[in-house]
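Put together the whole structure using the sequences plus the hints.
Each chain, written out:
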Amino acid sequence: MKRVYDFLRLRWVMIAISLVLIAGGLVGYFVRGGLNLGIDFTSGLVEQVQIRPGSREVGIAEVRTALAGIEGMNIQGIGPAGSQQFMIKVLAPPDDDSFQERTESRILALLSEAFGADNVVVQQSDFVGPRYAGELGTQTISILAVALALILIYTAFRFRIIYAGAAVLCLVHDALIMLGVIAVFRVEVTTSTVAAILTIIGYSLNDTIIIFDRVRENRSLMRDSDLGTIINTSISQSLSRTFLTSLTTLLAIVTIYIVGTGDIQNFAFNLIIGIVVGTYSTVFIASPIALEWTRALDRSHKRRDIQRFGKPAGAGVAASAAPPAGAAPPTGAAPPTGAAPPTGAAPPTGSRKAEGTRAPAEEAAGREAPAPEDEGARPRERPQAAPRHEGPVQVTRVQPSRKKKKKHR
Amino acid sequence: MSKRFRLLLVLVLVGVAFYFLYPTISWYFIVPESKRALASGSRTQIRAYAERQAAEALQELQGLGADESLPPEYDFLIGEVKDIYRADRRPLPKTWTIGNVFRGFPGRAEILVAMENHYRQDILGIKDLRDRTIQLGLDLRGGMRVLIRADLEELERTSGQSLSAAEKEDAVRRALEILNNRIDQFGVTEPQIRRQGEELILVELPGDADRERMNRFIQGKGILSFHIVDNEALAAFSDWQARNPGQVLGPEGQVLQPPVLPAGTMLRGVYIRDEYGLDQLRGFTVITEEVGLSGNYIRDARVSSDPITGRPVVNFFLTSEGGDIFYKLTSDNVGETLAVVLGDKVKAQARIAEPIRDAVRVTGFDAEEANDLALVLRTGALPVPLEVINQQAVGASLGEDAIRLGLRAIIIGFTLVVIFMLIYYKAAGLIADLALILNLFFIVSVLSVFGFTLTLPSLAGVVLTVGMAVDANVIVFERIKEEYRVGKSPKAAVKAGFSKAFWAIADSNITTFIAALALSQLGKGPIQGFAVTLAVGIVSSMFTALFVSRMIFDFSTDVLKVRRLSITWRRVTA
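So the protein lines, in turn, are chains A and B. Just so you know, we're using the numbering used here here: the first sequence kicks off at 1 and counts up by one. Just so you know, we're using the numbering used here here: the second sequence kicks off at 1 and counts up by one.
Honestly, the hints are just simulated from the structure, not real lab data. Heads up, the beta-carbon is just placed ideally off N, CA and C, and yes, glycines get one too. Hints are all accurate, no fakes.
Covered by chain A, according to a simulated footprint, are these stretches of chain B (three or more residues, beta-carbon under 8 Å): (1) 192-201; (2) 384-398; (3) 403-409; (4) 419-430; (5) 506-512; (6) 518-529.
Put into structure tokens, the structure is as follows:
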């Protein structure tokens, strides 16, 4: 039997930390003057120079060294081998009119110093636009919205709408924190940054779904436990997997970060942040959101029931909150008080009601009722409790619940 | 599924993957550098090479004695000669001496043709190979830098009004976008396309970009048009040509306009693609100057192949307005000849049998030309005419050190994952590693079909995808361990582990796959490229992690009958 850790106890602290991180990123974004856009997204200067062949042999490495002082510079050899022509690209800072002139003279000065003024020929110098104008960012966001909507539909279909919503919120959380870190640390934003964020969204989604899948499985195995216990159990059971996958992925990326340079190092940095945030959010953010959301829904149901029937949810109404077939989660049957601690025992009235109402639902689904307190979640071990015998009265009580169930979802 | 069938399926897939990957392996590791350079050159250069090579070879053979045996590098001639001997019902000579080979051919010219064919096919085959290989990106290997000018004056002239700065700006911007769509169809080509100054577009393409193809990418839709052939004027021209031979073509091979042509008609050359993919003048025709239907009315174009001849056929689908124009044109000219004009070359002619409204089938293009034409016609009209003003090779944008370190980092990272799995999961880790490597192999081979361009970050991304794919194995293994600890037999533990992990893995992957599909359909450029890679990675990793590893597990429990699962270091008390 694996130990069950209480991950949910700190949920408000964790949610607060996340909100602080997101807010911090937002502040950082504005304080730092937006993102540090790379040459993919900004305009710049393209200059073609030639070190006169025959004067002396100059390789690209020497030119790179000579121009090392220029920030945001990229250099490529151009033309036939031995022609000693080079293409230099330099990022333009925003709103700097004198940039072109200044950079041109600086390049010329540095090259002349290194190779002799007579040997340097500037063949062409021009201002170039960004590879992707602003549209790549906005396009990515709008497409991502569509993708998230599709994810929402699929997860809602496979799980429940609340879990789907929690998963998607969790992804937005990850992306926001990543962007915040990128803004605060002034990491250069290139197309691989976009790829990194998308990778992390996929990774975190995977992580979250794996845990929700376990929650779904445990919901039918641990019917007498409240949702908090089920979630804690599920996270604990998946913990070794969550840890191992993060570890293997980090193993690869940290190596790239340490050994690599430049763009690929930035890429690795973004991913390291993303993996850490993604793993954290899976454990500490997604599940609490699902839990609180479910509880809030229960509370609002209860209020509505009081309005409608003049009393807290009766047996038949409580049953309505529980899906009649299949998963029969304890959500509807959760203590109506709502404020009960997640791991604490359910108030007696609550559990009595729950028992009374769950049985017909199971009967209708033709399933065995699980033994109470079966936290073990060992699926093979069939619960020993015999199915309760229910009269036809209870079966009819299920009927209205089916209709109402749709409204809840 | 029986184990044998599963093994067969895996082997077939490995075979298919190898088939896709073969061009890449062959291009980078087998084809010699000199031939690679030749294959990257233009078709005119290839023709010159094949002709020169054939002439030199013939000279060499003639220089040797007739009794000497044929040098082995000319063995390709023997097959050809055998066929000729058989066709003539002549007995095959015992030894293939140069004399015997030469006697097989009717004359010297035929030997030359046979040799030229051989050298041509050799290089063109390599050229085809190149289109199916993984390219190295601008950062790793450099490529081609093309400077394109947007001809704004021409735009002003044709539209008859002066354009404001904003309009010019907009025209160039849209031209740039269309160019991007044409060059980077799947988002995996990694070109760099930027505006340079006012009216220039700077395109950097990875690899040895084909100069002729670049020219085709910048064509406007109006490049294609349909004209009616003027038979009377054509007869008059033939008459004139017979009396004045050698006056039709100008000094540079351009078609001149002879004085006998009536007003409103023009003389055009009819061209056919030769074996090199070069246009060869095959005759002349006189068409009406008035455009019957402009290519601007083409809504879509698709390439298929003729079921009988197997030659490529381009199917044009017209807009409704274009359909009306074309219907009127064809119904007014039933029985006349319709010419398909590309630029100033007549590519095909056909008799109009009946009125046509919205779909036109045209033959007369070779496959590459047809595909490029279809692409150009599909991807919106260029708002402004473009011309290439400069093309140059560019070197890698990353320094050698950066490339070396980057590659080393990626290799070490990948190796660490492999080693970690092996240590942590023992023998089961070996299975995971096998699945991992197979996964990498599948992903790379599928991406090569898309003409994937490998940059350093994308290489890191692929390796990362594979690294993350261990996740599926980890989920399964952790489940197997759980089952095993409860005291199940290895076989039962494996079975339960896989079946319980299945939906968790499937759900998480399907969700990501949905996102990847959405991104690949809606996104452009790097986003699309990323999504394609992701989608391929998901399918491949699910297959390797669930199907292939399961197969190996089953093999070890059923065939090798292992008593204990080697999956954890912890003692398992049964």
